[in-house]
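Given next are the chains, with one letter for each unit.
2 protein chains.
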Amino acid sequence: MAKLVTKITDRDTDFATWYTDVVREADLVSYSSMKGSMIIRPYGYAIWEKMVSILDQEFKKLGHQNVQMPMFIPESLLNIEKEHVSGFAPEVAWVTQGGNTPLEEKLCIRPTSEVLFCEHFKNIIKSYRDLPVLYNQWCTIVRWEKTTRPFLRSREILWQEGHTMHKTEEEARKETLQMLKVYEDFQRNILALPVIVGRKTPKEKFAGAKETYTIEAMMYDGVALQNGTSHYFGQGFAKCFGIEFLDEENHLQTPYQTSWGCSTRMIGGVIMTHSDNHGLVLPPNIAPIMVRFIPIQLEESILNKLNEIAHLLPKEITYDMDTSTKSPGYKFADAEVKGIPIRVELGLRDLEQETVTLVRRDTLEKIQVPIKDAAKEIESLLPVIQKDMYERALKRRDSMIYDTNDWEEFKNISQTKPGFILTNWCGDESCENKVKEETGLKSRCIKEESTDGVCSICGKPTKYRIYFGKQY
Amino acid sequence: MAKLVTKITDRDTDFATWYTDVVREADLVSYSSMKGSMIIRPYGYAIWEKMVSILDQEFKKLGHQNVQMPMFIPESLLNIEKEHVSGFAPEVAWVTQGGNTPLEEKLCIRPTSEVLFCEHFKNIIKSYRDLPVLYNQWCTIVRWEKTTRPFLRSREILWQEGHTMHKTEEEARKETLQMLKVYEDFQRNILALPVIVGRKTPKEKFAGAKETYTIEAMMYDGVALQNGTSHYFGQGFAKCFGIEFLDEENHLQTPYQTSWGCSTRMIGGVIMTHSDNHGLVLPPNIAPIMVRFIPIQLEESILNKLNEIAHLLPKEITYDMDTSTKSPGYKFADAEVKGIPIRVELGLRDLEQETVTLVRRDTLEKIQVPIKDAAKEIESLLPVIQKDMYERALKRRDSMIYDTNDWEEFKNISQTKPGFILTNWCGDESCENKVKEETGLKSRCIKEESTDGVCSICGKPTKYRIYFGKQY
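Chains as they are written, first to last, in the working numbering: chain C, 209 to 680; chain R, 209 to 680.
Calculated directly from the structure, the hints in this document are not laboratory data.
It is possible that some hints are incorrect.
As the list makes no split between identical chains, a pair holds if one copy fits it or if it spans any two.
Said to hold, decoys possible - Using 25 Å as the maximum straight-line C-alpha spacing, the simulated DSS-like pairs for lysine-lysine come out as follows:
1) Lys243 / Lys330
2) Lys330 / Lys215
3) Lys642 / Lys334
4) Lys625 / Lys644
5) Lys334 / Lys603
6) Lys243 / Lys290
With these hints in hand, go ahead and build the complete structure from the sequences.
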């Protein structure tokens with residue numbers, strides 16, 4: 209099975225095909241006869257496992273506990289919160305038959321689990337002593353999407369959903385923003401994604417939420433990817449479900465709720481931000497394999513020397529060695545297509561000269577270093593790659609954010625330049641709708657409150673600075 | 209919320225109610241309006257997480273890689289292997305509607321994923337160089353059971369399923385037995401379950417397998433729990449799916465296959481083997497919290513001393529401290545109902561005398577030790593508890609295995625004594641059926657081949673020594 213980078217479509221010619229080429233050639237995903245679902249292959253799943261392990265640790269540090277709810281929601285349970293059901297019912301999968309018997313009540317496969325958690329919270333929350341409840345669930349959800357793309361939009365999604373209940377509004381709001389910050393830090397520091405963080409407009413918020421906060425990344429093509437959301441629910445669901453607790457003065461109170469989630473979609477975000485025509489490029493902090501050792505000849509002296517270097521690496525630096533009988537050229541291309549941050553090449557000539565070549569995946573730069581310094585050089589190069597990848601992505605992203613308060617210029621940019629537009633907005637949904645109708649852009653998130661100037665769309669006094677952009 | 213052990217039904221009076229009482233009072237599981245599914249609460253899920261982490265490490269050490277397949281199987285895909293579909297179709301959940309639209313082809317939710325893996329294997333296996341493929345998946349499966357019990361029989365099951373493909377029969381058979389051994393060691397050494405390991409009869413094997421090996425544990429009430437299976441498939445599925453590879457001589461060959469799985473059912477096995485009328489009893493090696501510190505008075509001097517002891521424990525010993533304002537009696541009962549292997553009690557009087565009390569959950573024995581030795585005593589007591597729990601369970605299990613080759617005695621024992629019966633069997637399904645019809649017992653597994661004597665049921669020459677027993 210020859211695997212050559214020439215199988216990858218040029219990124220600037222056809223970004224969509226480039227993306228699916230990278231996903232396939234890097235062995236991340238495969239397809240089955242189950243349309244709209246993907247097979248996550250070992251290398252793709254290893255990336256997800258690393259994401260899960262880092263995030264899970266963060267959640268637990270902050271006092272969250274993992275639980276597992278049923279995957280099915282009886283129709284009557286889904287129907288309890290009206291805004292929620294109208295948001296989700298059109299895109300759920302329905303189980304109507306168990307074995308050979310039609311079910312009395314049809315069951316949807318969870319598209320998200322608010323109603324299941326609420327039903328449970330009603331059972332376990334009785335007193336202020338039971339609060340806060342800080343739960344998280346790692347699971348699969350199903351949304352019956354019509355058009356699907358691996359990691360970005362799929363009928364099945366691997367994700368986590370946090371669900372919490374609090375005594376006070378203040379505490380619940382703090383939790384909402386705290387978890388948003390966890391996502392933000394994770395995406396910045398681990399995934400090297402320069403994300404924009406802000407509040408969704410009422411039109412774009414989660415069905416049933418009072419407020420939705422979002423993490424918006426911009427892909428290489430200027431299109432937005434919403435990579436995580438954190439919702440403040442207020443008491444809406446709690447009142448629908450009759451969740452109450454006795455406070456310190458023995459009075460019945462209704463608790464305040466949050467939920468927050470992120471998914472395998474982040475893998476898509478990593479690919480579409482960092483990768484290139486040679487394949488995947490992974491930031492070291494999320495790479496399952498950070499270093500690949502490639503012996504140019506399969507000689508014992510070379511293998512021994514590479515092993516020596518490998519054993520000097522601190523144990524958090526993961527590595528492997530390509531000892532297959534493939535040609536060096538094939539091995540280089542394989543390390544490249546898989547996005548391994550550093551490959552280490554060593555041949556007989558290098559051995560004589562006591563040097564080794566480190567190749568950075570992000571820049572393809574070759575760095576010759578003395579063999580005796582190799583482990584230290586690798587150790588210090590990895591954080592440099594991580595930082596450079598973030599900064600390159602940040603620079604590119606910032607160069608594609610256009611700041612204008614002129615409606616004609618707004619429309620012109622929207623049709624000629626990919627990216628986000630930052631503008632003044634009065635807060636009226638009608639203006640948001642007009643942007644969508646006339647430019648195809650949707651609001652990403654509110655950057656900040658601002659009364660300086662007028663709404664770019666209608667000319668009334670402005671309330672917000674807001675980002676618009678196309679989205680995946 | 210007073211939680212008293214008196215809420216637990218006596219184990220010898222009503223074992224089934226005792227079981228659900230323990231599961232509920234130990235906060236392992238709760239219920240929802242989704243009948244037949246359970247909510248796994250934080251404490252129950254923490255046990256599962258520990259199981260997953262230990263097993264996952266073992267699988268990876270042996271070269272297995274994790275993947276994620278779709279959760280849906282189109283009806284036509286399930287239908288490819290005839291024996292398999294006839295075994296599973298009667299108990300699957302069917303999705304027939306996506307959003308508001310009826311599906312063209314109905315989809316079952318995976319009851320197990322052989323067909324999905326086979327379809328994928330056909331795509332990725334081309335050459336002997338691609339073999340072996342050693343895959344594992346952690347996921348949820350669905351089987352539409354009519355009667356359900358938490359952890360034992362549920363419509364949704366959290367499990368892992370290994371699926372592997374090999375060049376030779378020998379290698380595949382070796383894998384089948386190797387993974388059986390992984391389960392056996394895990395259950396013996398971590399769960400302290402004295403398990404019987406053997407081959408299933410053709411009647412009881414997995415639908416589509418050539419051979420099924422099983423791990424059979426005996427519960428406190430003498431009833432068997434099948435706690436893990438490992439299947440050798442031969443080339444059956446591979447031929448149905450047209451999976452072929454080019455061997456070293458460039459000839460097309462069909463690979464040999466295995467699969468193996470274990471589930472949250474093991475949590476049920478731990479409960480029904482070790483627990484008592486005070487609640488859960490967890491073997492230290494699987495306990496999320498191994499030690500609970502209980503200050504008899506909430507005095508700083510006591511809390512400081514307990515913290516001092518805790519900090520001397522090696523980091524693999526997990527602990528917590530009950531600093532709630534509940535009474536000491538309540539705290540003792542809570543540590544007991546949750547099955548925490550050791551609780552450490554310290555009061556002002558103890559502090560004066562420089563002693564501390566360790567209470568073993570398995571025996572409820574109280575051990576006074578000098579405070580200065582406490583950490584060391586805890587460290588050495590944990591493996592003793594682990595060992596004693598295994599040995600007590602083994603002794604009890606062995607006392608409930610009856611060895612008889614006399615059919616009248618067999619029938620008599622089956623109606624009067626709970627447990628397993630070990631007997632001679634000719635290998636004919638008709639004799640196996642007769643045992644079921646006349647005694648209600650099913651074959652558990654074949655212990656060994658033996659031609660010494662005659663079949664206990666029909667009197668023909670015997671071929672096997674085999675266990676019979678009732679099952680969950």
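Comparing the hints with the structure gives:
Within a single copy, Lys243 and Lys330 get their C-alpha atoms only as close as 38 Å, which misses the 25 Å cut-off; across copies the closest is 17 Å, which meets it. In this assembly of identical chains, the alpha carbons of Lys330 and Lys215 lie at most 25 Å apart only when taken from different copies (21 Å versus 55 Å within one copy). In the homo-oligomer, the alpha carbons of Lys642 and Lys334 never lie at most 25 Å apart, since the shortest distance is 47 Å inside one protomer and 54 Å across protomers. Only within a single protomer do Lys625 and Lys644 lie at most 25 Å apart by alpha-carbon distance; the minimum there is 16 Å, versus 75 Å between protomers.
In this assembly of identical chains, the alpha carbons of Lys334 and Lys603 never lie at most 25 Å apart, being 51 Å within a copy and 44 Å across copies at closest. With identical chains, the CA atoms of Lys243 and Lys290 are at most 25 Å apart between copies only, with a shortest distance of 23 Å across copies and 30 Å within one.
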